[in-house]
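> We have chain A already, so just place chain B on it with the hints.
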Amino acid sequence: MHVFADPTNFDAFLSGFLWILKLTGASAVFALLLGVLLAAMRVSPVPVLRGFGAAWVNIFRNTPLTLVVFFCYFGLFSTLGLSLAEDLDLNNYWLGVIGLSVYTAAFVCEAIRSGINTVPAGQAEAARAIGLTFAQTLRIVVLPQAARSVVAPLGSILIALCKNATIVGTIGLMESSNVMKDLINSNGDAVIPIFLVFAGTFAAFLIPTGYLFGWLANRLAVKR
Amino acid sequence: MRIKRVAAVAAVAALSLAMTACGGDSGSESGSSGAKGIVGKAESQKKLVIGVKADQPGLGLQTGSQYEGFDVEIAKIIAKGLGVDAGNIEWKTTVSSNREPFIQQGTVDLVVATYTINDERKQKVNFAGPYYIAGQDLLVKADSTLAGPEGLDGKTVCSVTGSTPAKRIQSDYPKAHLQQFDSYSKCLPQLENGKVDAVTTDDIILAGYAAQSQYAGKFKVVGKPFSTEPYGIGLKKDDKAGCEKINEILKAAAADGSYKAAWDNTLGKSGKAAPELDTTKLTNCS
Numbered sequence: 001m002h003v004f005a006d007p008t009n010f011d012a013f014l015s016g017f018l019w020i021l022k023l024t025g026a027s028a029v030f031a032l033l034l035g036v037l038l039a040a041m042r043v044s045p046v047p048v049l050r051g052f053g054a055a056w057v058n059i060f061r062n063t064p065l066t067l068v069v070f071f072c073y074f075g076l077f078s079t080l081g082l083s084l085a086e087d088l089d090l091n092n093y094w095l096g097v098i099g100l101s102v103y104t105a106a107f108v109c110e111a112i113r114s115g116i117n118t119v120p121a122g123q124a125e126a127a128r129a130i131g132l133t134f135a136q137t138l139r140i141v142v143l144p145q146a147a148r149s150v151v152a153p154l155g156s157i158l159i160a161l162c163k164n165a166t167i168v169g170t171i172g173l174m175e176s177s178n179v180m181k182d183l184i185n186s187n188g189d190a191v192i193p194i195f196l197v198f199a200g201t202f203a204a205f206l207i208p209t210g211y212l213f214g215w216l217a218n219r220l221a222v223k224r
Numbered sequence: 001m002r003i004k005r006v007a008a009v010a011a012v013a014a015l016s017l018a019m020t021a022c023g024g025d026s027g028s029e030s031g032s033s034g035a036k037g038i039v040g041k042a043e044s045q046k047k048l049v050i051g052v053k054a055d056q057p058g059l060g061l062q063t064g065s066q067y068e069g070f071d072v073e074i075a076k077i078i079a080k081g082l083g084v085d086a087g088n089i090e091w092k093t094t095v096s097s098n099r100e101p102f103i104q105q106g107t108v109d110l111v112v113a114t115y116t117i118n119d120e121r122k123q124k125v126n127f128a129g130p131y132y133i134a135g136q137d138l139l140v141k142a143d144s145t146l147a148g149p150e151g152l153d154g155k156t157v158c159s160v161t162g163s164t165p166a167k168r169i170q171s172d173y174p175k176a177h178l179q180q181f182d183s184y185s186k187c188l189p190q191l192e193n194g195k196v197d198a199v200t201t202d203d204i205i206l207a208g209y210a211a212q213s214q215y216a217g218k219f220k221v222v223g224k225p226f227s228t229e230p231y232g233i234g235l236k237k238d239d240k241a242g243c244e245k246i247n248e249i250l251k252a253a254a255a256d257g258s259y260k261a262a263w264d265n266t267l268g269k270s271g272k273a274a275p276e277l278d279t280t281k282l283t284n285c286s
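Here the protein sequences come in this chain order: A and B.
According to full-length UniProt numbering, the residues represented by the first sequence are 1 to 224, in order.
According to full-length UniProt numbering, the residues represented by the second sequence are 1 to 286, in order.
If you're looking for bench data, these hints aren't it; they were derived computationally from the structure.
Some hints could be false.
To be verified - A short, non-exhaustive set of chain A residues, derived as facing chain B with CB atoms under 10 Å:
#1 F77
#2 G81
#3 D87
#4 N92
#5 G169
#6 I171
#7 N178
#8 D182
#9 L183
#10 I184
#11 N185
#12 N187
#13 G188
#14 D189
These numbers come from a predicted model, not from an experiment.
A virtual CB, placed ideally from N, CA and C, is assigned to each residue, including glycine.
If we strip away everything but chain B, and leave its shape as in the complex, we get:
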């Protein structure tokens, strides 16, 4: 018995030694080549695929093959911080409903697309940021008397299928009629026609639409936000290191003025002053 036990202990010791040796090897390997995570990918391939919106003036708008807007500028700052040139970013158009699948399936490395951090999404993807804190609001005709979401009973409100604002209307204001389309840009003509009474999404997005030349002076943002929408940068659930790195980049951007410059070159043109990036609110990436 005793001999057997000694042999067993020795065997276990030998095995565990071998295992730790292996583990150590593979550990240092994945550390250097970094097959996992965006930090490793940016390091080894020097390029990134970033998902942005294509139809949100001021935030993410595609004109020809170019993307422009605040989200796009933030994405460029992050890419630069990770060591990727703006020219090596492959932009990919995302809509509200395909952001989680794109991240989970690896279609994109990052999503910077007016992407609200919430608990439900946190179960599927990881969030860095927030880099901006918006609030859900209503866009109405300039002469409308609608003063806030309480006035929506029996009114028709337009939003995007499956988006957070649409779900909030359904759950919090069930007496409002909800018309859903696949993009906000389809809601705008309906508002102009009077077929919907309001368009709802985050105030910053609505401001971008209202400022478009073809709608200048026709609409107004009610200005009573009824939610808090911290905009985050989405990445793979298990990429804690990448998330922490992005938060560091955001901190640096707030300090060196590149965050303010990103705002001033895009949404700043609407006349709204650059917001202060509160770095104490950054996620803990877990």
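Chain A with its partners taken away, still in its complex shape:
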């Protein structure tokens, strides 16, 4: 524990986890919006949109996240010149958010699509029968019911996203896994305590998150 008694090390530890929380927060919002949009595309009557949604899911769900994040730096920023902030850390942060969002959106899309499948077909048919358009049917009738049945899987995706956020360290953001590497580098005799503290901090965030989503899923489930 002597490692964390040093205030510089402790501050680095805190800022590392702060980056993880910021990455998780922003990516969760974007991934949810994007995921819902993709799910809507995948069930839409327009073939082009269906194809686009399917391609997105198949590409990003089957590409290692490391490569996606790496491409965001080396492809989007370095080669194509997409610069998102003057500050270097902030730029890497937003590049990381892009990578995490497009990757996680694929999983959110599939979760929501499975939720849509739990809504009885009669609901959509009834909605169409009273003259609602496709968009209205989806927005007013189908998605609200679908969302309530996918709370638990979305919780799992959020937990995975939080852990996946450590990947952004590969493009130089000093998030928790980079801080951990740095601390181990200068304290090779305390590898196990350092590891346990970082792993434990993640568990302390994520175990309650899991319970919260379990509880929410029970409360919100559509009783059929």
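Leaving out everything else, chain B in the frame of chain A:
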């Protein structure tokens, strides 16, 4: 009282005799089998695990299963001095951030990987050498006007996460933006793209990169070193005997020309003349 005291003295004397006898035994045992230290390991097992870099042209570069470069040649000289054939060396790739853990945990016996001797590291590992004295410098585009570290304010400089050069930039030039990757080879394309203004590490490493065929003529080393980086050979903290032995081997290598040959076959190809190995600067191994 008196009798008791005599008995006590006799008991202590007997015990200490027994202890010294034991101590003498175990002492001579560890002397011959040498369970501790690299000298003993090289003697009994005839092999060594040596950590080298795998991505530093001219110093430690892995091509296929082969490692080549100046560090690798130095490692071979040391192994030979310890009685281990080059073929019995198990090479292990190290990066800047795992050298101390590798030594402390016994993953490798020695590290010869552009390893700067400094006080912080000396608390964790022991150093033999230095076998070369480098200096931190900047690699910039050939047409860059950046003349030294003072010009880095507001510029982006690339280095390796947790390395000495990265930490020096953070502490001495806080106005420079520091982009960190896990290896220098990722910095080079960024320099070519203009996404970073400079790459920083030791001059000798930068020269190795700049001389690579795909970057020939594109980059230049600024040539104003702003640190002294004595490259040492890392080994376990308590292995004083091993450290002293390595220093002896280095002295011999400087005298018999094998040090110069190691340079000429690797970094010498860049046109830089072989440095003189100053054996008066070798560490005292304590």
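> Indicate, hint by hint, whether the structure satisfies it.
Quick rundown of the hints versus the structure:
1. Taking 10 Å as the C-beta cut-off, the interface hint given for F77 of chain A holds, the closest approach to chain B being about 7 Å.
2. A hinted interface residue such as G81 of chain A counts as satisfied when its beta carbon comes closer than 10 Å to some beta carbon of chain B; here the least separation is about 9 Å, so the hint holds.
3. With a cut of 10 Å, the hint placing D87 of chain A at the interface with chain B holds, because the nearest CB-to-CB distance is about 8 Å.
4. Because the beta carbon of N92 of chain A sits about 8 Å from the nearest beta carbon in chain B, less than 10 Å, this interface hint is met.
5. Proximity of G169 of chain A to chain B holds as hinted, the smallest CB-CB distance being about 8 Å (cut-off 10 Å).
6. A hinted interface residue such as I171 of chain A counts as satisfied when its beta carbon comes closer than 10 Å to some beta carbon of chain B; here the least separation is about 8 Å, so the hint holds.
7. A distance limit of 10 Å between C-beta atoms decides the matter here; for N178 of chain A the minimum to chain B is near 6 Å, and the interface restraint holds.
8. A distance limit of 10 Å between C-beta atoms decides the matter here; for D182 of chain A the minimum to chain B is near 4 Å, and the interface restraint holds.
9. Given the 10 Å rule on beta carbons, the hint for L183 of chain A holds: about 9 Å separates it from the nearest Cβ of chain B.
10. Taking 10 Å as the C-beta cut-off, the interface hint given for I184 of chain A holds, the closest approach to chain B being about 6 Å.
11. Among the interface hints, the one on N185 of chain A holds; its C-beta lies about 4 Å from the nearest C-beta in chain B, closer than the 10 Å criterion.
12. Against a cut-off of 10 Å between C-beta atoms, the interface hint on N187 of chain A holds, since the closest Cβ of chain B lies about 8 Å away.
13. Checking G188 of chain A against chain B: minimum C-beta separation of about 4 Å stays under 10 Å; hint holds.
14. For D189 of chain A, the shortest C-beta to C-beta distance to chain B is roughly 6 Å, which falls under 10 Å, so the interface hint holds.
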